[in-house]
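A.B. asks: Following the hints, complete the assembly by docking chain B onto the known chain C.
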Amino acid sequence: MKKPTVLYVRLPPVQRLVEIKAVAEQLHFKTSTLLLHGGKVVEAIAWFNKHIASYRQLVGSTKNSFLHWDWLSRQFLVFAELLETSTVAIPSTLPSHFGTSENPLTEWEVQPAYYYQLAASYLREKRYCLDSSLSMTDSASANTLGKNPESVLPSVFVGQSARLLEQGDTIEVLPLSDAEYINYAITEAQRFQDSYEIIALFKKAYESFNSLKAPRLASHCSTRMAKEYFIAEDFNNAKLHFDGVSSLYRQEGWVTLLWESLGYLRECSRRFGSVKDFIEYSLEMASLPIFSAGEVETPNSKREYGPAGLPTLSRRESVQNEVFGLLRGENILPLTDGGCSLIITEEQPVRVDVDVISPLRMALLACVAFHDQSVKPGSPTMMTLSLLSQLPCPVEVDRLEIEFNQPKCNFIIVNAVKDLSTAQLDMDSQDVRVENAPSLILPTNKWLRLTYEVKSGQSGKLECLSITAKIGKSFMICCQAESPASMEELPFWKFEDQVETFPTKDPGLTYSGLKVIQVEEPEPQVDLILGASSPALVGETFVVPLTIKSNGHEVYSGELKINLVDARGGGLLMSPREAEPFSSGNHHVELLSISGTGVEDESQTQFDNIRKIQQSFGVVSVPVLRVGDSWSCKLEIKWHRPKSVMLYASLGYSPNSTEAASQRVNIHRSLQIEGKIPISISHCFMMPFRREPLLLSKVKSLPGIEQKVSLALNETSVLIVTAQNCSEVPLRVISLSIRSDGDEDSRACSVQHVGGIPADNAPLVPGEEFKGIFSVTSKVDSPNLEVGSVCLVWKRDLKLGDFEDSGVVTEQKLPSVIVEQPPLIVSFDCPPHAILGVPFLFHIRIHNQTNLLQEIKYSLGDCQSFVFSGPHDNAGFVLPKSEYIMSYKIVPLCSGLQQLPQVSITSVRYSAALNPSAAAATIFVYPSEPEFIVGAKKQETILV
Amino acid sequence: MIVCVAVVGHQNNPLYLQSFTEADDALKLHHIVHCSLDVVDERVNNPKKSGPTLNETFLGMLYPTENYKVYGYLTNTKVKFLMVTTDLDVKDADVRSFFRRFHAAYVDAVSNPFHVPGKKITSKAFAERVSGIVKSFGPVTTG
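Residue numbers (this note's numbering), protein chains in the order written: chain C, 1 to 944; chain B, 1001 to 1143.
Chain B with its partners taken away, still in its complex shape:
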């Protein structure tokens, strides 16, 4: 289950951060997302280590905490997407497809002529679409 998704801008500032938990751990998720940015920096700045993922937008798993796993994605415009999940056994393919859909939603949101680039995303349609993507995520347990 995805507990949190975030869009992080060029100055490593949060543009969109939404948690999907009942529990009262928003601050903790903020910290997790913020700390994961270190790994993003590390992977982007040291392409040697990340090797084949150099030209790839998907950054892989960034940061395992005791209860969560954090995955990252970097768009061509250097906007970072982060996703925090509680599933301990996640397939890469699922995460990739999640990010692809999320990216599409993001592109639609920022293509809105009323959106000012660099500002937080406040679109309700985007939020709804994201929560839809989040809900449909996961190993095909239901189907």
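Pulled out of the complex, with its shape left as it was, chain C reads as follows:
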């Protein structure tokens, strides 16, 4: 514009097209910028699509088509950048749903990443076209290149180029011919490193799609990026990206896509010279479920699928053959365009590991099923080893090594056909069992089942760990053994519609077979005897004799464990309410000690002797026992409460002194022991015979409230303690006494033994009662007086010499009593017996202990057995601190045990009436004067 001399010239066709596109680009750029700045994203995209649609077809001649792709790529790149810079405005203005007829836009079209990856794709196209036009020019002639214009400048007109000619001072701008322009463009294009640009664009798109949570689009970008790295011979990066995408394709089962990636990966490993990777990728490729028939490979397909080639069955076969050739020792020659020669040598063997998640399970799957779930030590069991390969050609294995967690069980299966390896085998492993198999050929998708016998002498778990297949001299593929019951389906193949096959002949074993078997412990040849005589009694030290007797095994490092467990602990027949007080308390049953014969000696010599006793658990070590020896000990257990207990005794020992601790034998015994209360103690207080103090607390007592026993102050009461044997064994009572708890109480209340205690230990048969009589005199007026505790000393009625116990003390506290001053005391005075027809005197004495005048009423009822003189009803006053006596003369009319006339005395002040008990009102009437043999004992009996 500045130089008016330059005129617009109509250009030759190629340049004209370039010019048109350049102008269109300018206009489009401006329109898009305006639209995007105005926030009209949808319109901008629609405009862009229109723009691209109008020009996409204008490729031009094949020779210069790269110009077109370059231009197209630039369109996308520019638009992506424009969109990216104005993304802030996008979300608010976008319509809410995509892909509908109202809004034909889709989610990714508003994302710059979409345009970046397209820009990259077109740039690849450009590079491809450029390469082909270069090769065309190369082949045509080198002359055209020689004619390269020296200096070509962009013209003042948009999209035009011109040649600058300097001739002296004058500068001339000349138009270019098309051929010249193309040459110029090719030279220019060659200067650019397209690969880096492509990678950068894909990377941008890849990262963007990843952040948009579109993993598949991202991986598509990643694949193309990796291919670009591959072309640029950056194999490290290529492998990295291909590995990434392969895992997604594996996960989702896209065989064709994985095939392509694996082809590249395999090629990368070949370039690195990594034999192991090459084998792994080749095996995976060959075992993919691809069945399409062979198609003719076209140059385009080579371009599309890369080094993997077309995914066909024949290609899989050739991949397998190639890799097995390598395994058998053949050499894979390097490609013409680089890479290393691959070979496996015996010095550097290759080992491929296949675990449960490895894709190589398709190439070799090993599962192991034991026919039984458990086996006795030393006895054989059957095991089926099943191998499956999905490789298209049959695989011949030279030998199989089966490894267990117990190395003694390991064995090797040798292919009988190949005796070469057997010779080698004999040298390196002599201890290992060797089995021969007629052939070890794995056909495609057909289980090879081998059943062998396994024998283990060691108890515990026997697990098959791995199966190593050896192919050739220096290749091993080591498969982790799988249980058919818990085996995952093969990746990819699980989607194929194939006939289901079972790894074992017995389909039941397929569903339940495990690679683990339990080897039982050897049968214990030692007896453990628990002898308990009878139920245990609460309070006593109960002795359980325990004997260990060796019948066939010697006992080394024996350890005896004793455990006491609540027999009802299993939740049987127990209500929660019942369980609470038992569980909350401390141990109701206690293991006191374990006394063994000769323990004293041993404890001195063996300091490391295990000896540990807790309240419900004990461990003791058992000395070494030879065959036929026996050892016994006594367990002393004490019950604090009645409770049923399970006694568990377990002996663990090793039959050999040399073997490891794992080879231990255990023997268990249990015994249920019932703990019972031996003696139940009850008591009652009684007033002296025919003496009735008026106790006001009794008169006022409210019904419903449990009242304490009331005793009269300074009066002597009688306490009767009854002990009943409620166990099933005879007992002997050694002593029965009342023990006062404190010093103060002993002064307040004196308890004296009156009778009932035998001289020697009294036997007490089950169910029998024993009574002790005490007199209690309380001297202190107290509402809460502690009388003391009943102490009963007893022992079992046993004649055993070694069981000389001093006796068991059972103690029971007596409840506290109320002691009060009685205001009145009534006593009946009557002879011990009467004689028919002989009158006798019957006095009723009422003693007033208060300072008040007491009015009393009394009455005497008639009865058939007696006649009496005196008033039937009367009233009287008792002076303070004095006694009032009513006397009746009574004549008995009948003999025998007779009721005296009914006496009733009422105190007006206290509104209390007294009716003597039937026992107090009973008298024996002799028909005539009896003749007594005077003796102390008789007297006593009558008194009581």
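Treat the hints with care, as some may be off.
[Said to hold, decoys possible] Here are the simulated BS3-like pairs of lysine-lysine, each with C-alpha atoms no more than 25 Å apart in a straight line:
(1) C:708 / C:771
(2) B:1028 / C:204
(3) C:50 / B:1091
(4) C:494 / B:1078
(5) C:771 / C:795
(6) B:1124 / C:494
These aren't lab readings, by the way, just hints derived from the structure by calculation.
None of these values were measured; they are calculated from a predicted model.
C.D. replies: Then chain B, alone, in the frame of chain C:
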């Protein structure tokens, strides 16, 4: 013209994929179908954006590439149907009716007692029926 139809299972694994082109671009179509699954996921997981199409099986256009358009369809059992076409001007109604017929064919194929659910569809009858549906697809140009 439809160039490719695909049935994609629950794990986004292809159950049936058939291309109908002469050209050698099977791999490209695989990639396109695979990438379109991202859009299906996006639409299924973000029902807010897809709004009224929430209860609809037809997912609409998923993915326009420079030469193709991809349409999607989701059955009640969450099996995805994808269709790739080269027609740039397609009516929604046509696509819907295509998917309806395709769905019917699919239901018949998987109702076969010998078909194991979750495995690839290998039925020849299904393939024939699908190619029939594919051929009859398109704006009524012939009629």
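A.B. asks: State for each hint whether it applies.
C.D. replies: For each hint, the structure was consulted:
1. Note on residue 708 (chain C) and residue 771 (chain C): the hinted pairing holds, with a Cα-Cα distance of about 22 Å set against a maximum of 25 Å.
2. Between residue 1028 (chain B) and residue 204 (chain C) the CA atoms are separated by roughly 21 Å; this keeps the pair inside 25 Å, and the hint holds.
3. This hinted pair checks out: residue 50 (chain C) and residue 1091 (chain B) have alpha carbons roughly 19 Å apart, not beyond 25 Å.
4. With a C-alpha separation of about 19 Å, the suggested pair residue 494 (chain C) and residue 1078 (chain B) falls inside the 25 Å cut-off, and the hint holds.
5. Straight-line distance between C-alpha atoms of residue 771 (chain C) and residue 795 (chain C) comes to about 17 Å, which keeps the hinted pair within the 25 Å bound.
6. With a C-alpha separation of about 20 Å, the suggested pair residue 1124 (chain B) and residue 494 (chain C) falls inside the 25 Å cut-off, and the hint holds.
Consistency note: the structure conflicts with none of the earlier hints.
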